[in-house]
Amino acid sequence: MEFESADAMLEFCRSTGRTYVAFSLIQTGRELGTVVLELFTDIAPATCANFLRLVRGGQHSYADTPIHRVVKSGWIQGGDVVDGSGKGDPGFTLPDETFAVKNNDKGILGMCNKGQPHTASSQFYISLSPLPFLDGKRVAFGKVLTLDGLECLEKLENLQTYINERPVPDVTTTKWHVLYEP
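12 is the number that UniProt numbering gives to position 12 of the sequence shown; each next residue is one higher, with no gaps.
Just to be clear, a hint being listed does not mean it is correct.
Taking lysine-lysine and the DSS-like style, the derived pairs with C-alpha atoms no more than 27 Å apart in a straight line are [claimed, not checked]: (1) Lys87 - Lys72; (2) Lys114 - Lys137; (3) Lys175 - Lys87; (4) Lys114 - Lys87; (5) Lys106 - Lys87; (6) Lys87 - Lys155; (7) Lys87 - Lys137; (8) Lys72 - Lys137; (9) Lys114 - Lys72; (10) Lys102 - Lys87; (11) Lys137 - Lys102; (12) Lys72 - Lys106; (13) Lys102 - Lys72; (14) Lys137 - Lys106; (15) Lys155 - Lys72; (16) Lys175 - Lys72; (17) Lys155 - Lys175; (18) Lys114 - Lys102; (19) Lys102 - Lys155; (20) Lys106 - Lys175; (21) Lys155 - Lys106.
No wet-lab data here; the hints were simulated from the structure. Because the structure is a prediction, the values reported are computed rather than measured.
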């Protein structure tokens, strides 16, 4: 979606009854862009509540965590709130709340898990293309709202990566905040 102004975007957000968050991506001090996410609070309320808790911070926070994996034509992965390696365990898990949201488009937001049901915690993915093989296996609970956000993801997709698919140099998520919450 594209909006003529910030006011127009906020008006749209109010009209849906859903919650919206934003974050920026930084690489070597240069901002790559801002991603606005629509959270499907009406479909996956518990998963969205966990995500919002990490956006707001506290014991664990998404603030200044890296994007630790970029799979070309697949997804970006972040949200390791422990050590940023992609292997951190924050000490809690979430039940698989619903598989109602399909991974049928670019920009779908979902929770990563450890390859087993009910093992999601803080790590998330955002799809770079449709990923139907994740349907019924990963809880998708939102999407990228704006074209600017999708363009930002395209920049990430084209970055050089290490053999473990981590961007070179590191990309950090910052400026996490709630844009609108009903």
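Hints and how they fare:
1. Lys87 - Lys72: The given pair, whose Cα atoms are some 20 Å apart, holds under the 27 Å limit.
2. Lys114 - Lys137: 11 Å, holds
3. Lys175 - Lys87: 23 Å, holds
4. Lys114 - Lys87: Holds, at roughly 10 Å.
5. Lys106 - Lys87: 25 Å, holds
6. Lys87 - Lys155: 24 Å, holds
7. Lys87 - Lys137: Holds - the C-alpha atoms of lysine 137 and lysine 87 are around 19 Å apart, at most 27 Å.
8. Lys72 - Lys137: 20 Å, holds
9. Lys114 - Lys72: 21 Å, holds
10. Lys102 - Lys87: 26 Å, holds
11. Lys137 - Lys102: It holds: about 10 Å lies between the C-alpha atoms, which stays within 27 Å.
12. Lys72 - Lys106: Holds - the C-alpha atoms of lysine 106 and lysine 72 are around 12 Å apart, at most 27 Å.
13. Lys102 - Lys72: Satisfied, since the Cα-Cα distance of roughly 20 Å is no more than 27 Å.
14. Lys137 - Lys106: 18 Å, holds
15. Lys155 - Lys72: 11 Å, holds
16. Lys175 - Lys72: The given pair, whose Cα atoms are some 25 Å apart, holds under the 27 Å limit.
17. Lys155 - Lys175: With Cα atoms ~18 Å apart, lysine 155 and lysine 175 stay inside 27 Å; holds.
18. Lys114 - Lys102: 19 Å, holds
19. Lys102 - Lys155: Holds, because 24 Å separates the two Cα atoms, which is no more than 27 Å.
20. Lys106 - Lys175: 23 Å, holds
21. Lys155 - Lys106: 14 Å, holds
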